[in-house]
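Colleague: Below are the chains, spelled out letter by letter.
2 protein chains.
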Amino acid sequence: MTPQSEDFSAWYNELVVQAQLVDRGPVRGTMVIRPYGYRMWELLQADLDGRIKDAGHENACFPMFIPESYLKREAEHVEGFSPELAVVTHAGGKDLEEPLVVRPTSETVIGEYMAKWIGSHRDLPLLLNQWANVVRWEMRPRMFLRTTEFLWQEGHTAHIDEDDAMRETMWALGAYAAVARELAAMPVVAGEKTPGERFAGAVRTYTIEGMMRDGRALQAGTSHYLGTNFAKAFEIQYQDEAGKLTHAHTTSWGMSTRMIGGVIMTHGDDKGLVLPPNIAPYQVVIVPIGRKEQGEQAAAEARRLGAAIKAAGVRVHVDDNRPQLSPGFKFNEWEMRGVPIRVELGMRDIENGVATVARRLPTVEGQGKEQIPLDKVAGLLPGMLADFQAFLLARAERFREDNTAVVDGWDAFAAQVASGWARAFHCGETECEDAIKADTAATPRVIPADAPEESGVCVKCGRPSAYGRRVIFGKAY
Amino acid sequence: MTPQSEDFSAWYNELVVQAQLVDRGPVRGTMVIRPYGYRMWELLQADLDGRIKDAGHENACFPMFIPESYLKREAEHVEGFSPELAVVTHAGGKDLEEPLVVRPTSETVIGEYMAKWIGSHRDLPLLLNQWANVVRWEMRPRMFLRTTEFLWQEGHTAHIDEDDAMRETMWALGAYAAVARELAAMPVVAGEKTPGERFAGAVRTYTIEGMMRDGRALQAGTSHYLGTNFAKAFEIQYQDEAGKLTHAHTTSWGMSTRMIGGVIMTHGDDKGLVLPPNIAPYQVVIVPIGRKEQGEQAAAEARRLGAAIKAAGVRVHVDDNRPQLSPGFKFNEWEMRGVPIRVELGMRDIENGVATVARRLPTVEGQGKEQIPLDKVAGLLPGMLADFQAFLLARAERFREDNTAVVDGWDAFAAQVASGWARAFHCGETECEDAIKADTAATPRVIPADAPEESGVCVKCGRPSAYGRRVIFGKAY
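Protein chains in written order, with the numbering used here: chain A, 1 to 477; chain B, 1 to 477.
Think of the hints as simulated: they come from the structure by calculation, not from any bench. Take the hints with a grain of salt, since some may be wrong.
One side only, chain A facing chain B, incomplete, derived with CB under 10 Å [claimed, not checked]:
(1) 29
(2) 41
(3) 42
(4) 78
(5) 80
(6) 84
(7) 98
(8) 109
(9) 110
(10) 113
(11) 328
(12) 331
(13) 457
None of these values were measured; they are calculated from a predicted model. Even for Gly, the Cβ is constructed at its ideal location relative to N, Cα and C.
Construct the complete structure from the given sequences, taking the supplied hints into account.
Modeller: Take a look at the structure:
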């Protein structure tokens, strides 16, 4: 496999296939998510779905075919999505009278039904979510990051006024940041996008941005305050307490299978994947060692230990039915596939009443591999996994800080965004953003919500800075 | 609302919308599944997904766009599905070189990858499942029962030989029958389909059939042994222990959102839905009674009781924020929406330390409504819900038996299938099935696996009977 340090892009493309996360689909830009990759999505989904429901949202399911005319009702929206649409023109043996768009996102179709379901202020807020596949035709597809079809959840809500809609927008942003940190061990930066990077049809777009190990930024979830743009296009109105018809304020927010790509590029190394335990399909793999009778004895002991580990609430896999492969091959394979902790069990270990426990990465100097009494393993693993999760988050946070610099002046800026993130002042003009992108390939990723209030002059054009704080610039996926 | 007894079809179409299960989609034949309907699907999904995983299957996600050429590789398959396909001809601003079919089912695309992933007998069985949306263009759409887009799971497995593949086929059938009985309280009949009713491309098709309250049959899940048909079309081969290349035997099986329609038509009545507790979004609804201050006191008590009921593991909803509606309106609404148990709480109840508990249907003579001490309610509800679930299953079973008859002779047959199911002998010829259908609209629904071995003469043509047992005939959805 190409080392990460040599060619990050080739490393990624080879690894996702070799680790059995994904396969190229039969149609350009599509992907087959294999069980190992899909399990990561299921774990993320279960966690995020719980948060969404606990906050009062309900899941629904809207059709994926949207009449072309719906998209045209919101001018910016159709302009933004038109180049990426897949269109059904023929169905049931006939040409269709009106072409159907395969949803690239569902603001329009959901807007149509919100208008139908909302009558009075008593019907608000309306808090909907759906788990769905969407299609955006991609010119430069990349597994998980930009695929023609991808999986996501899309929240769509309607509110009585801007205040309530903004509370919702920020709630979703906070939920995404928490999922990224707590499950994916991705220390994302949350904040607003500049106007040039807004969602097509939004008044304000918020994002979480993670730093990948090549210093690039990954937008890992977005939350949009849509104002009354879609409410006006679809007539989403309610009678207020005085009986007056008023437009609702709507939001939308989404997190997708792109997150799997984020996990790979935040933690992986030359040996392959490194999976945070909270999102790892197998948190622990047990490899019994030995040939023939000894192998069978070790396998039996491994299954006993596996049952005890499972009972401790750990996702464990016992690699006991591939006698044709050597232990060394298996060790390498599970390392490549990113399993956080490997337990080796040979006859000598068993005789000594111990197991050899190896972390995917040493978390403390010399603490990569250690021997643990057999009867203590199941009890110790949950704590070791929690420590490993915390270690990965801290390591990623350190990496991000090491590769982020506060810069003033164009030369320092250009040098910094070549390999990392720059915190810089910007004038706020989209033309100036475009000029920066043309020169350096970097774009404004996020106006960090927690950045100190400051002002200065634009790093590119020297005009006074906007936003009241520095903006993070970097190259993006 | 149209009474069920007057016009079953109108009753169904009105009820699914009024109960807020579903709305008509913007494109003909599509549906919007609203939160109340989607929650039923989530409950069914969680249960079935657990069974699928426990039996060793893994979830994956295959693309929904399938190159047209894939479908053509299995001759019967393409013939069966061609009239129902939706086709993408245009994407990313260009006409596509090869049209893309939106999956009507995924045997073909999954077959392509099985061929890639399977090398040796050690790779078998390969046990895959996916939860997905599929599209079949419907000429006579009906919410949940036949919609252009629907949700389902589709299991796809590959095996070393017929024996192992047949074990899998029957496992899926058994899982479906158990889900239908245990969650949906539908006493389905499981067995094989006649050759004329087989899935396009299958060697043998198995089904579970439920009887709706109009006496018609609903096919509620199918499981197919595909033999080597798809293995040959897609070159799904493995090296056996002797090193010889051999075709795998494959299966596929699916259960869909159609099940929600089955629940509605198995249990509903003139008042509306009747939901089995195990699939009810709200198992219990508490309605506080009273105006102004008294109403607020009752609502506070209702919330306290709601918390206790929730802690007992019951899905409970407190209807406490619609003071503009009368208790009578709410009672009717929750009855129409099928909530199994309603708890009424007024000031007099509270003063007497009791709550009035009303079942959606009386399970025992005179036991529809009763007063229960407030501190006993939460403890008693789980048992009452279990009893109600068992009552619905028994009632449906009785209804099915009352509307099924063993018949010999054409006149008795024709009279029986006009309103119910007939257990009759059949010659096994597809032409004869077609003649029966032309005369009576009835089709062979299932050859019941548990029917006694018998033989006789065909109820239609008088030739010797096939299958070694009677076949169930009825009109089908």
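Colleague: Take the hints in turn and mark each one as holding or not.
Modeller: Hint by hint, here is what the structure shows:
no., hint, result
1, 29, "holds (9 Å)"
2, 41, "holds (8 Å)"
3, 42, "holds (7 Å)"
4, 78, "violated (13 Å)"
5, 80, "violated (14 Å)"
6, 84, "holds (7 Å)"
7, 98, "holds (9 Å)"
8, 109, "holds (6 Å)"
9, 110, "holds (9 Å)"
10, 113, "holds (6 Å)"
11, 328, "violated (19 Å)"
12, 331, "violated (19 Å)"
13, 457, "violated (41 Å)"
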